[in-house]
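Asker: Chain by chain, the residues run as shown.
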Amino acid sequence: MSLHDPAEGRAPAGFLRLLHFNWAILLLLIAVAAIGFVMLISVAGGSLQPWAGRQMLRFGIGLALMFTVAMIHVRFWRSLSVAAYLGSLVLLVAVELIGSVGMGAQRWIDLGFFHLQPSELMKITLVMALARYYDWLEPELVSRPLWVAVPVAMTLVPMALVLMQPDLGTALLLAAGAAMVMFLAGVSLWYFAAAGLAAVALVAAVFASQGTSWQLLHDYQFRRIETFLDPSTDPLGAGYHITQSTIAMGSGGLTGRGFMQGTQSRLNFLPEKHTDFIFTTLAEEFGFVGALALLGLYALIVIFGLASALTNRDRYGALLTGGITSTFFLYFAVNMAMVMGLAPVVGVPLPLVSYGGSAMLVLMGAFGLLQSAHVHRPR
Amino acid sequence: MRRLEFQRRERAGIGRRGLILLAGQLAVVGVLGLRLRAIQIEEAERYRLLADENRINIRLIPPARGLIFDRAGRALAENRPNYRIVMIREQAGDPEAALDRLEEILPLGEKARARILREIRAKSPFVPVTVAEHLDWHSFARIAANSPALRGILPEVGLTRAYPHGEATAHVVGYVGPVSERDLQAQETPDPLLQIPSFQIGKTGVENRMESVLRGKAGISRIEVNSVGRVMRELDRTEGVAGRNIQLTIDLALQRHAMRRMRGESAAAVVMDLASGDLLALASTPAFDPNLFVYGISARDWNALLNDDHRPLSAKAVSGAYPPGSTFKMVVALAALREGLVDPAETVWCPGYLEIGNRRFHCWRRGGHGHVNLKESLRASCDVYYYEMARRVGIDRIAEMARSLGLGVRHDLPLPAISEGLAPTREWKQRTQGKPWLVGDSVNAGIGQGYVLASPLQLAVMTARIATGRAVAPRLIRAIDGRPVAPEPAPELDIPPAHLAQVRAGMRAAVNERRGTAWGARIIPREMQMAGKTGTSQVRQITAEERRAGVWRNEDLPWNRRDHALFVAFAPVEAPRLAVSVVVEHGGGGAATAAPIARDIMLRALYGGPPPLSAYPAHLRPEIERRQAEEAEEDLRLPDPAPAGRDRA
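Protein chains in written order, with my numbering: chain S, 332 to 710; chain P, 9 to 657.
Hints were generated in silico from the structure; no laboratory data involved. Just so you know, these numbers come straight off a predicted model, no measurement behind them. Heads up, some of the hints might be wrong.
What the hints assert, rightly or not - Computed from the model, here is a short list of chain S residues facing chain P with C-beta under 10 Å:
id, residue
1, 516
2, 517
3, 575
4, 643
5, 668
Backbone N, C-alpha and C define an ideal beta-carbon position, used for all residues, glycine too.
Required output: the full structure, derived from the provided sequences and hints.
Answerer: Encoded structure:
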């Protein structure tokens with residue numbers, strides 16, 4: 332790691348790094364966050380209180396965090412990867428012990444100034460650890476069973492902890508994020524096929540267990556899945572959310588009902604309209620055009636993110652960038668699929684748009700890592 | 009070495025796998041976009057509709073119910089302001105404290121307080137809960153004046169039904185009450201108005217039978233509500249159509265007089281206008297206060313009404329069915345005349361009884377009437393004459409005559425439970441009792457006993473038809489919303505005028521000749537004189553033993569075994585204008601009890617107010633004068649202007 336390292340020599344130093352930022356992604360993030368501010372103002376009835384103002388402040392802090400992380404050499408983050416992963420694991424255990432009970436599940440630790448959700452943190456640190464692992468592993472070995480078992484174990488341990496909270500949605504997102512990193516690292520496709528089959532078998536087992544003494548999921552989780560499969564069975568209970576959400580989006584039509592004119596959101600027919608269901612409000616008030624615009628911005632972030640990964644010749648940087656982009660992709664795809672009735676209601680926020688501090692800060696930190704890998708990529 | 013390692017890492021980038029992942033993720037984005045398009049473009053219309061259904065509630069505005077007037081335009085049923093107070097929890101804060109403050113002005117009582125608190129906790133904080141209603145103006149004004157101190161307690165004015173003449177018109181006008189499950193089931197497509205919690209529907213009387221006219225059409229207010237039902241704003245409103253007003257043929261003053269005249273008796277009286285069929289009075293005593301039902305009657309009041317052996321809830325004038333007794337004799341006489349089976353001058357020998365087979369049918373006059381012709385038979389009400397006539401004519405032709413005079417047929421009035429009475433025939437007895445008709449049955453029917461039944465309304469119709477020779481039909485609705493209802497045409501009856509004249513002469517003699525049964529109820533001025541017929545109908549069989557022992561004086565019997573007293577009359581004799589029928593249940597003799605009542609009502613109707621004392625025989629004048637003074641004094645006190653100012657919390 333001397334200064335004469337040729338790879339390093341080509342990387343910019345000091346504030347010159349700013350010039351080598353991935354500005355496209357940065358601007359896209361700001362655009363998405365701005366849409367979020369507008370929507371939070373709308374659901375508050377035209378006021379910055381109680382959500383939009385605080386969200387702006389958090390986004391500001393998030394931006395600062397991103398720049399700070401980005402200015403530090405990716406090499407440092409690589410060396411920190413394993414420690415960050417272990418730290419997240421400790422926090423996940425801690426949340427079991429001292430976490431406050433919120434929404435029927437222990438998910439966050441009160442840090443005073445904001446609520447830390449270790450499972451959010453884990454989504455990123457798991458990607459870091461896996462990138463570090465494949466960076467260290469000889470590429471010829473990636474598909475050897477023993478060397479596949481290690482990252483699987485690294486994923487299963489936090490998954491189990493998150494499931495104990497219990498938070499099925501986040502657990503599945505963790506698995507999906509890890510699977511994408513492993514896919515990028517070149518693990519043989521047979522493993523994915525086998526994992527797919529195992530997942531199908533597991534789902535079958537889960538449903539077979541319903542009503543027995545060894546039931547694998549909570550009753551409310553079964554109910555959510557059933558409601559997802561047929562929302563009309565329970566239009567006033569759990570299916571209410573999906574039904575009302577679809578009605579709201581549909582009534583928006585092509586151009587929407589106008590800013591603050593969404594009757595479904597304004598009259599409280601929508602649940603969680605400032606968090607998980609904020610996309611519905613957007614679709615209702617700005618119509619197909621508005622909803623598609625946000626979807627397009629997200630798609631561009633994915634394209635620029637994966638493009639950055641593809642062009643990064645540093646294996647850690649590439650895997651990290653690809654993993655973070657994929658995690659981001661999972662966030663918005665699952666949230667949108669959920670509010671459109673394509674996936675069960677699992678409680679995943681819309682990244683950078685939904686109101687919430689923990690997810691926003693973690694995400695901005697993650698994009699800081701992405702920028703750092705981009706800025707300090709070998710040329 | 010380091011450099012080599014780095015180059016190896018470089019070679020092992022993510023290459024092809026990265027491109028596949030990008031393609032996969034963009035495919036998912038594409039699916040999301042397509043789904044968005046399906047919801048927002050293809051199904052937009054349907055979802056827009058669903059969203060509107062979600063947010064728009066239709067609220068009904070109850071229309072003002074039509075009023076009911078008497079023929080002179082005096083209100084019999086009206087809408088009065090219902091002063092009430094409601095509480096809204098979210099404005100009141102602590103409901104207990106709010107009620108404490110309210111109770112300093114208006115004591116509510118423990119039970120009412122418990123009900124209010126229970127209701128207010130069960131409902132959303134913005135839903136008004138009724139604290140008290142039907143308040144008098146004084147308490148209401150005090151609460152309204154103190155409203156700044158009573159946060160969350162709001163004075164409101166609604167409409168409630170009131171019957172200013174209460175008992176006097178209770179049976180005709182009826183009353184309204186809350187909609188019951190039965191009311192809803194009775195209609196094929198219930199008016200959505202009926203679902204309004206405070207809505208009231210006609211329960212009986214004209215209120216019930218003219219419901220569709222009185223109700224009107226609901227106004228509609230479209231309001232925007234949020235997901236918990238809070239009203240955000242009114243989008244638009246269509247005003248309803250108020251119910252139509254109904255003018256009855258009833259003359260309130262006459263009705264009140266008839267009610268008062270029969271006070272204390274279980275009786276009914278009907279006054280009918282001969283030209284139009286207008287029912288000027290349709291009185292049944294005792295009555296009840298319909299206002300009690302509007303507020304929700306207490307169990308005690310209700311049981312008192314049910315257990316009264318004088319049956320105050322029954323509209324006896326139209327739904328009572330009594331053996332008509334001697335008032336039926338005109339029917340038998342007309343039937344015999346039409347069949348040519350008797351000549352008016354022919355006499356029948358009355359020894360006080362008629363023997364048929366081994367049965368002896370007694371005349372009411374034990375010594376008999378001697379030789380009796382048609383006119384004498386009506387004047388003295390000889391039973392034997394009619395036993396003989398009934399035997400000659402046979403029941404089927406008597407029934408036919410009865411029907412053409414309006415007995416045994418249903419007269420269609422907008423009132424519930426209208427009695428059809430009974431004009432029996434051979435076929436009827438065979439069908440309903442499985443026994444053949446006996447000659448004794450005809451003989452009994454000849455004096456209006458046995459199977460024959462008639463309501464006071466039917467007796468008035470019969471009298472009207474005898475007086476006019478026309479098929480006069482009774483009616484109760486004079487005008488709707490100021491537009492007069494045309495009376496039914498009254499065709500000529502198929503009865504020779506000469507026969508009617510002979511019967512009328514007999515009726516005239518019964519009242520205006522010294523030996524007539526109703527001589528005591530005569531009217532003095534010639535131009536007002538009436539013709540009538542008394543009737544006394546047995547409600548029990550007189551046993552041979554009783555007859556021998558002489559125990560058949562009504563005063564010696566318990567009330568409910570005494571005879572019914574009846575009287576029918578028309579007046580003035582020369583140019584008949586009015587017909588009257590009176591039935592006094594268990595009243596004793598028709599001449600003694602029913603005829604004087606009928607005379608008083610008739611005079612009142614003929615003169616259109618209290619008649620001059622000169623209309624009465626001299627010996628009655630002091631008594632009549634006293635009674636008229638009493639009545640005038642009572643009229644000054646009425647009508648009671650306000651419904652009882654009770655707290656109906």
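Asker: Each hint needs a verdict: does it hold in this structure or not?
Answerer: Going through the hints against the structure:
1. 516: 8 Å, holds
2. 517: 6 Å, holds
3. 575: Status holds, d = 8 Å.
4. 643: Nearest chain P Cβ about 7 Å off; hint holds.
5. 668: 7 Å, holds
Every hint, counting from the list given before, is met by this structure.
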